[in-house]
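In case you want the letters, here they are:
Protein chains: 2
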Amino acid sequence: MTKKLIVVILIISAFVAKSQPNAKPIIISPEVHADNKVTFRLYAPAAKEVKLNTQFEKNPVSMSKDERGVWSITLGPVKPDMYPYAFNIDGIQVADPNNSSIFPNEGFQNSLVEITGSSPLVHTIQNVSHGTISYRYYHSSELGTRPVVIYTPPGYEANPKAFYPVLYLLHGTTDTEETWTKVGRANIILDNLIAEGKAKPMIIVMPYGRAYPVISKSSGSLRNWDNLQEFKKDFFNNLMPFIEKNYRTINDKNNRAIAGFSGGGGTTLYFGLNNTDKFAYVCGFAPGMLKNEFDRNNEVAFSNPEQVNKNLKLFWIGVGKEDGLYGVNQEFMQVLDQKKIKYENLVSDGGHTWMNCKLYLSTIAQKLFK
Amino acid sequence: MTKKLIVVILIISAFVAKSQPNAKPIIISPEVHADNKVTFRLYAPAAKEVKLNTQFEKNPVSMSKDERGVWSITLGPVKPDMYPYAFNIDGIQVADPNNSSIFPNEGFQNSLVEITGSSPLVHTIQNVSHGTISYRYYHSSELGTRPVVIYTPPGYEANPKAFYPVLYLLHGTTDTEETWTKVGRANIILDNLIAEGKAKPMIIVMPYGRAYPVISKSSGSLRNWDNLQEFKKDFFNNLMPFIEKNYRTINDKNNRAIAGFSGGGGTTLYFGLNNTDKFAYVCGFAPGMLKNEFDRNNEVAFSNPEQVNKNLKLFWIGVGKEDGLYGVNQEFMQVLDQKKIKYENLVSDGGHTWMNCKLYLSTIAQKLFK
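Protein sequences, first through last, are from chains A and B. So the first sequence is residues 1 to 370, counted in the working numbering. So the second sequence is residues 1 to 370, counted in the working numbering.
Isolated chain A, as found in the complex (with noise of 0.2 Å):
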C-alpha cells in the first residue's frame, strides 16, 4: 500500500516471534515530522556502524546508537519529494525492516519516504478520481510467462467505448514493472495532472524489460544489444498484440508514445527511433547509450532523418546535470544536431534518481496526444 508516513509495527506473528529478541523496543522508522525532518531508526545492539545512505544527501550519514540498541538519526528539513534510502549495517546494505514501502529492484533493496510538505506535489496520493492498476500475464513462446503492469485512466471502466491512447513506458537496469508505480508514482501522476486537465486520458504499459530467461539477470543493462534483440521480440510479436486485443487503445503511430528509463532509456529510444511509422512521442529519461554504438543502434532512423522528423511529433531527451550519463547524452544530442534530426531537451538539476524520473514523466505526460 502507499502512505504518507511509513511508522511502526507490533508484530504479532509466530514466525517472528520466534527469530527476533523479546527485548526489541516498538520501532518507528521512518518518522516523518511536520518541519519536513525525518527520523530513521533501527533496532540494532550487535552493529558495530549504522549508516543511512539516502538520496538526499551526498554520502552515507553515521548514525548514532542509544543504551536500548536503537541506532537513529534526524534529518532535513528535507525537500518535499519521495526518496529512496538503505542503512548500511557493518558494510552491509539493506532495507528498513519496519518501512513496508519497498523499491522493487532484482539488484539491492531501498525503502521509500515521502516528504509531503505543506502542499501537494504531482506524485501526491489526493482525493481525485484514481485509474486502475492491473497486473498481468502475457504469454512467450521464448520467455514463457511475462508480467505486464497497466494503467487504466479514471472512467476507463465506466466508458466501454472509449477509446485511449497508449505510453508504453520502460523502468531502469536492475527495476521490474513495479518500479514505474511503486517508485515512480506514474498512475499517481496521471490521475493528478488528468484531474488538472492537463494530460489527456491515457493507458500506460508498464512491462518487465529483462528478457530472462534467455538474458540472464546478471547480463547488465537492459540496451545491451542480446537483451535488445530478445525483448525487442518480445515487445512487438507479444506485448503489444495483447494490449491492442485486451484493453480499448487507439492504434496508429500518433496514439502511441514509448518512454523509458536508464536502461530502458536506451532501449526506449532503439524501438522508437527505429520505428518511427509506429510511435510519434519518444522520450528518454537519463536514457542509457554508449558513443560507440550510436550508429549501430539508430541505424534506420540515421538512414533517413526527413522520415524521423516527418513521423515524428515529439522525440524528448532529459537527463540531470549531474547524472552520470549526461556527458554521454549530450555527445549524443550533437550527433541528432548533426543528422539534422529535431527534438526537444530538458537539462535538470540532480542525477540519475526516481526524483527526476518524476519530474520527466510528468513533463512529457502534458505533452503527449496533443
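Rather than coming from a laboratory, the hints here were simulated on the basis of the structure. Check the hints yourself; a few may be wrong.
Identical chains share a label here; the pair holds if one copy fits it or two copies do between them.
[Claimed, not checked] Distance condition first, Cα-Cα at most 20 Å in a straight line; then the derived SDA-like pairs of lysine to any residue:
| hint | residue 1 | residue 2 |
| --- | --- | --- |
| 1 | K310 | K370 |
| 2 | K24 | S221 |
| 3 | K245 | A158 |
| 4 | K24 | P60 |
| 5 | K24 | G91 |
| 6 | K48 | N88 |
Fit chain B to the known structure of chain A by using the hints.
Chain B alone, transformed into the frame defined by chain A:
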C-alpha cells in the same frame, strides 16, 4: 514480478555503486537446484554470524563464510512449496538483498523462495488463462484514500454482461493488501482451479485491514475491538459499495463469501457470523480469537444459532496442528457445538503459515458458490 528461480543481478546504478564496495562478488540467491535442494547466499564480509531463518526448518540454521566474505548454506531436498525466509546478521533480521520477491508486511521483512518440484502445484504459475489483479483506491471520510487489490477471473473483461460472485479475503495482522497475492498466490490458485473446472469464476476482494490512521499500526492484532469497529464501518459503508458499484458482482448473500487469515480470520468471523444476511460463506484460516471475547464478538450469531444455520451454506474453519492458535480454535468449536452452530473443520499439518493459507484457500475455493 513472480519468478520461478530468483537469481542474481549485476548492478549498474550510481546510487548503489556509491554504497557497495567494488569487490562485491556477483551473488545468486536463492538458487533452487533440480533435486529440490536450495542454496542461499549473502555477501557480508564483516558479519560475525549469519543464520538463515526459513519456514521449512524448525530453527534458524547457521551459514558458513568463504574467503570472499560470502555466507552460504544448502538445504533440502525441500518439499515443493513457496516459503518465506530471512537472514539474521549478528542479530538483525533482513530480507535477501539479491531477491526481488518480497513478503509484503509492515512489521518484518522476509523474502520468498519457490521450490516448484516436478509437477505443478495449485499455486504454480502455468500457461492457463489468467485473471487480472487490479490495484484500486476508494475513499473513506474517516480513513482517507484506502488501497484495495481485486482479482477478476479470466474472461471478466471479455464478457461485459457476465456477473460474478465475490469472495472478500482478509490478510493477517501486519500484512498488507498485497500479501494474499504475493505470498498467498490467491490469483494463481483461482486461475488454476478455474482452468480445471474445480472452482467457479469469482471476484476476490483483498482490502487493507488496518483502520489506519485512526488505528495506529502499532496497536496489535486486526481483530482487536477498536480496529474491528473502525474497519467494520469502512468495510460495510465504503468498501462494499465501491466494489458493487465498480464491479459486476451478484449482490445477494448466496454470492458473497468472506474468508481471512489470523487477525483477518478473527475479523472474518466477526463480520461474517454476525451478518449472515450478507454472507452465506464464512471461512476462518487459523482465525485469531480470545476465549474471553467469544460471547462479545459473536453476540448476534449466538443469540440466534438457527438463523445462522439457515443462512449459511458454508461455515469453515481450518487450523494447523502446530499452530499457536490451535487450542483457542478447538475451544471455539466446542462452543459452536454447544450452540448447535454447524461448521466444517480442517485440521492440517503445520503451523501458522502462508503454506497453510494456500492450502486453505484452495480447499474452500472449490466449495464456494455451488
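Problem - Same-copy or cross-copy closeness of K310 to K370 [CA-CA at most 20 Å] - result: within (16 Å within a copy, 60 Å between copies)
Exercise for the section: Have a look at K245 and A158 and pick one of within, between, both or neither, based on CA distance no larger than 20 Å. Expected result: Both. Shortest intra-copy (19 Å) and inter-copy (10 Å) distances satisfy the 20 Å Cα cut-off.
Exercise for the section: State whether the alpha carbon distance between K48 and N88 is at most 20 Å within one copy, between copies, both, or neither. Expected result: Result: close both inside a copy and across copies, 11 Å intra and 15 Å inter.
Handout entry: Within, between, both or neither, where K24 and G91 count as close if Cα-Cα is 20 Å or less
Key = Classified as between: cross-chain Cα gap 11 Å, same-chain 22 Å, threshold 20 Å.
Handout entry: Copy assignment of K24 with S221, given that the CA separation must stay at most 20 Å
Key = between (41 Å within a copy, 18 Å between copies)
Practice task
Using 20 Å as the alpha carbon limit, work out where K24 and P60 are close: within a copy, between copies, both or neither.
Solution key: This pair counts as between: shortest inter-copy Cα distance 18 Å, intra-copy 26 Å.
Of the hints listed earlier, there is not a single one the structure fails to meet.
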